[in-house]
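> Sequence:
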Amino acid sequence: MPTLNWIGKDKVTNHHLEVPFRTLTHSYGFTPESGQSPTKTDSGNLIIHGDNLEALKALLPRYEGQVDFIYIDPPYNTGEEKWAYNDNVNDPQIRKWLGEIVGKQGEDLTRHDKWLCMMYPRMCLLQKLLSSTGTICISINFVHEHAHLRMLCDEIFGQNNFIGELTWESTTQPINSGSARFNLQQKVEPILFYAKDKTRLPPFVLEEADNGLCYPHQGKYGPCRYEIIEKSNSGEYARPTMQFSILGQRPRKGKRWQIGMDTAQELIRRNRLEIVDGMVKKAIYPEDEQDKRKYVPFWSHLSAKEVGTAQSGKRLLNTIIGRDTGFDTVKPPQLIRELLKHVRKDALVLDSFAGSGTTAQAVLEQNAHDGGHRHFILVESMDYAEDITAERVRRVITGYPHKETEQVEIYSQKLTAANLNHADLLLAKARSVAQARKDDFARIKGPTVKDSCLKVVGENTYEKRMPGTGGAFDYYELGMPLFTDDGCLNNEVGEEYLREYVYYTETRRPLRRKRQEGSGKYLLDTNNDVGYYFYYEKEHPTTLSLNTLDIVVEEAALYVVYADICALPADRLKKLNIVFKQIPRDMKHF
9 MPTLNWIGKD
19 KVTNHHLEVP
29 FRTLTHSYGF
39 TPESGQSPTK
49 TDSGNLIIHG
59 DNLEALKALL
69 PRYEGQVDFI
79 YIDPPYNTGE
89 EKWAYNDNVN
99 DPQIRKWLGE
109 IVGKQGEDLT
119 RHDKWLCMMY
129 PRMCLLQKLL
139 SSTGTICISI
149 NFVHEHAHLR
159 MLCDEIFGQN
169 NFIGELTWES
179 TTQPINSGSA
189 RFNLQQKVEP
199 ILFYAKDKTR
209 LPPFVLEEAD
219 NGLCYPHQGK
229 YGPCRYEIIE
239 KSNSGEYARP
249 TMQFSILGQR
259 PRKGKRWQIG
269 MDTAQELIRR
279 NRLEIVDGMV
289 KKAIYPEDEQ
299 DKRKYVPFWS
309 HLSAKEVGTA
319 QSGKRLLNTI
329 IGRDTGFDTV
339 KPPQLIRELL
349 KHVRKDALVL
359 DSFAGSGTTA
369 QAVLEQNAHD
379 GGHRHFILVE
389 SMDYAEDITA
399 ERVRRVITGY
409 PHKETEQVEI
419 YSQKLTAANL
429 NHADLLLAKA
439 RSVAQARKDD
449 FARIKGPTVK
459 DSCLKVVGEN
469 TYEKRMPGTG
479 GAFDYYELGM
489 PLFTDDGCLN
499 NEVGEEYLRE
509 YVYYTETRRP
519 LRRKRQEGSG
529 KYLLDTNNDV
539 GYYFYYEKEH
549 PTTLSLNTLD
559 IVVEEAALYV
569 VYADICALPA
579 DRLKKLNIVF
589 KQIPRDMKHF
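Our numbering applies: residue 9 is where the sequence shown begins, and numbers increase by one.
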C-alpha cells in the first residue's frame, strides 16, 4: 500500500504515547431544572475545554473502545485561517517549528507538513477510542488536505475500512476556487467515512416512527397503509398512455396513473390494489417492506435543501447565541443529524474539534425527535469553549428566542396558453391585490411565477421561542498531570483518577466498579480471575505485609497488588499468588 511521508512524521508517529496523561477537572454540571451547579449530572454528556490531544488521552481509561460514532471538522488548512500547533514534541530541532502559527501558503511553505503533524497523533487516539463497530466521519475540503487526509486515514484505520466518501453541498452560492482562467466553482465538501472494523458493522436499521413503515389502516389481509397511485397529468408529466381503466375506474380529471398497465395487473393479481374512499389505492402490508426495514439506503450526496449550508448554520448559531459570534461558516445541525440516523439510538458520539457545538445540538435534537438516548463528548481548545460552545448547548437544552416568518398566499392565478394573451391584465390584478393588502403584512413578495402560477405572497415575522430539547451536561477543564516531571506520583491528583489509571493500564478496560468502604476499599476489580488492588493512602506510605494481607477481599487465581513498600519475601508472594508492584515505579506510562 502506498504510504504518505512528510517532514516531521518520524517525530509524531508515536507522539500520542509520549503525551503526558492529565486528569479532567469538573467545573460544573448543567440541567434545565437547576441550571449551572457544582454537582455532577452524570448525564454522560461532556464538554471538555483543553487541547484535544491531551483531552483524548485523558479519555482513554474510561472510553477506549467505547465510542460508537466520531464526527470531526478539523482545520481545512486553506491558508486563510490561523491555527496553532503547539504540541510538545520532544525534539529540539522541530519544537520551535511546530510551535509557530500556521498561516498562508506564501508565508509558510511547510504548513501542509504541520497540518499532518497535528492530525496524525490525534487520529491515532481517535482510532483507539472507537468501538469495534464504530465509525468516523471527517469533514474536509477538496482543495488543500483531502488527498493527504485520505492516505493518513488509510494508514491509521486501514484501507479496507474505508466505507466511502460523502459530499455535502455546503453552499448554494458560487465560490471562486482561485483560478481566473477556468473560474471553477466548488460548491460541495467531502466527508470521509471510515470504520474501526468494516467486517463487524451491523446493517443500518430503520427505526424512525415517521418513516412510512407504520400500518394505520385495516386492509383485506390485516393492518396496512394506503398509497394513492395518481399524479399530475399536466406539463412534462402528461402521458395519454397512463389513462387506462383500473378496477373499473379511470384517473380523476387532470390526473394520470403512476404505474403502467403491466404493473397494475400484477398488483391486482396480488390483491394489492383496492378502491378506498372512492379512489384506487395501493395497499402496502408489512411483508412488502421487509427489505426496507433491514437495509436503509445511505445516499452519499447531502444537498443544501435537505441539510442546510454553512451560511444557514452560521445564521442559526447567531440566532441561538443572540449575537454575531464571529464564526464565518458553521456546520448545520441537520447535516450531523443525517449522519446520526445511521448509528444506534444509544450511541456515544465524540467530536474533538467541537467549534461552536453543532454536534451536541444535533445529538440533543435527534434524541428529542426519535426518543433516542445518544450521548456526546465535545472537546474544544479555544477560549470560546465556555461562552459559545457550552452556551449554545445550554440554550438548546432550555430553549431560545427566534424569529419565525409566516407566508400567506394572497393571490394565485394559474397561467395557461389562453390567459397569457392577457398577461398585462393578470399582472395589473396581482399588483392591485398586493397594494390593497400591503398594510396587512410586513413584506409583500411578488408578483412572481411559481409552479406555473402567478402569485403574490405576504410575509409577517413573529418573535417566538424555540422549545428546549431537554438534557444535561458536565463541563470539564484539563487538569493536572498524573506524574510530575521527575516521574513521581502527583499527590494532588484525586484517588479516583489514580484507580482508573492503574486498572486501565493493567487490563485496557474502564473501571466500572465503585469504590467500597471498609476492608475492600483497595480493590479495583477482578478481571479474568485476576484481582487488582491499589493499596494507596495520600497521607502516608503503605506496606504490604502479613499484617495487611486483609486488603485482599475477593478470591481470585492471581492478585496484582500496588503499594509503596513490600515486606513479604519473594517466595511468600509466589506462594500467595501475589504480584507486587511498587507505587509509582511500576505504574505504567502510556
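Quick caveat, the hints were computed from the structure, so don't treat them as lab data.
Because the structure is a prediction, the values reported are computed rather than measured.
Even glycine gets a Cβ: it sits at the ideal position worked out from N, Cα and C.
Warning: the hint list may mix true and false statements.
Cβ-Cβ distance ranges computed for the label pairs, FRET-style [unchecked claim]:
#: 1; residue 1: T327; residue 2: H548; range: 51 to 61 Å
#: 2; residue 1: S420; residue 2: M474; range: 29 to 39 Å
#: 3; residue 1: L12; residue 2: S420; range: 56 to 66 Å
> Indicate, hint by hint, whether the structure satisfies it.
Status of the hints after comparison with the structure:
Separated by about 57 Å at the C-beta atoms, T327 and H548 satisfy the suggested range of 51 to 61 Å. At about 31 Å, the CB distance of S420 to M474 agrees with the hint of 29 to 39 Å. Evaluation of the 56 to 66 Å hint for L12 and S420 yields a pass: the beta carbon distance comes to about 59 Å.
This entry satisfies every hint, going by the numbered hints stated previously.
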